[in-house]
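Every letter in the sequence shown is one number past the one before it in my numbering, and letter 233, counting from 1, is 233.
Just so you know, the hints here were simulated from the structure itself, not pulled from any lab data.
For each residue, glycine too, the CB sits at the ideal point set by N, CA and C.
A couple of the hints might just be wrong.
Label-pair restraints from in silico Cβ distances [stated by the list, open to error]:
id, residue 1, residue 2, range
1, S175, E286, 39 to 45 Å
2, T298, A112, 37 to 43 Å
3, D224, R291, 27 to 33 Å
4, G173, T296, 41 to 47 Å
List of simulated lysine-lysine pairs, PhoX-like, C-alpha gap at most 25 Å [what the hints assert, rightly or not]:
id, residue 1, residue 2
5, K60, K289
6, K60, K36
7, K75, K169
8, K65, K93
9, K36, K75
10, K60, K280
11, K65, K169
12, K288, K24
13, K289, K24
14, K65, K36
15, K288, K36
16, K65, K280
17, K24, K36
18, K280, K24
19, K75, K24
20, K93, K169
21, K36, K280
22, K60, K93
23, K36, K289
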Amino acid sequence: MVVADDESNVLRLYDRSVSGAPLKTWDFSSRIGVSKEVDIEGAARVGDTIYWTGSLGNNKDGEYKSARNTLFTTKVTGSGASTSLSYGGSYAKLREDLVAWDEANGDRYGFAAGTADGQVPKQIDGFNVEGLEFAPGSTTTAYLGFRAPLAPAVPGGRALLVPVTNIDKVATGSSAVFGAPIELDLGGLSVRDIRRNAANQYLILAGSWAADDNSDPYALYSWDGVPAHAPVKRLDLPTSDPGGWESVVDVPDLTVSGARAQLLTDAGSADLYGDGTEAKDLTHDEWKKARTTWFTVTN
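Turn these sequences into a full structure, and let the hints guide you.
Structure representation (structure tokens):
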């Protein structure tokens with residue numbers, strides 16, 4: 001599996017079956033034209049192309065950082081330990097496109113206010129993208145999954161997906177075109193990741209919009225990708241260990257009894273060793289770690 005890092009722009013290839021250091025790494029910062037972190041939060045693959053998106057929001061201090069407003073692609077060749085990535089293209093105006101679209105539709109989601117100077121992204125009416133996945137059967141329409149805002153931006157609000165209907169062209173420089181927004185009932189939680197399999201079965205990792213949320217509720221939902229259909233809660237996820245649930249590696253056949261899914265944590269803000277140091281600030285790379293866990297998602 002290839003894992004992105006929201007503290008740098010390094011993509012890392014891991015053997016998903018054993019613990020250890022990455023087998024390979026890639027950093028396309030110079031090709032993208034950025035020197036700061038993109039804050040990569042979402043990824044989706046179609047064919048041999050992986051689309052990666054930054055969070056698009058302000059940083060934790062409410063400051064606009066242009067690198068975060070990045071969508072880019074990589075091409076995959078090989079498989080397993082022989083996997084290789086090469087740079088495709090990038091786009092640096094998806095945030096502006098979303099704000100303009102929302103304003104043209106009555107400022108329904110408050111994107112302009114959520115991206116204003118001084119506004120932190122991880123608040124109930126903030127602006128922060130964390131999920132990316134293709135619509136059922138499509139190679140050109142992808143859903144952007146929002147951690148913030150909720151819709152409406154009140155406790156118990158729905159999770160927001162915004163379809164980008166020409167994402168294949170966006171990656172080569174075209175302005176984004178958006179479809180009708182999708183609001184999903186995830187029990188007051190928002191999208192932390194969304195993943196689809198070849199049968200158009202989805203798993204949605206749901207979590208809090210809040211910043212300090214390692215102990216806040218997380219849940220896993222299944223969905224069929226149809227906007228009018230409600231997601232189904234599969235399980236509540238444990239919050240006793242350090243780190244927050246961040247990614248669904250892939251989606252098993254959800255029609256099979258006992259199907260299992262592998263989830264990945266983000267432990268960057270976790271105090272792994274009880275010394276008050278966040279994992280991302282540890283002085284030795286070999287001390288830093290994340291965790292994957294398998295969960296049974298069907299009875």
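Against the earlier hints, flag every one the structure doesn't satisfy and list their numbers going up. Nothing - there is no hint that the structure violates, so all of them hold.
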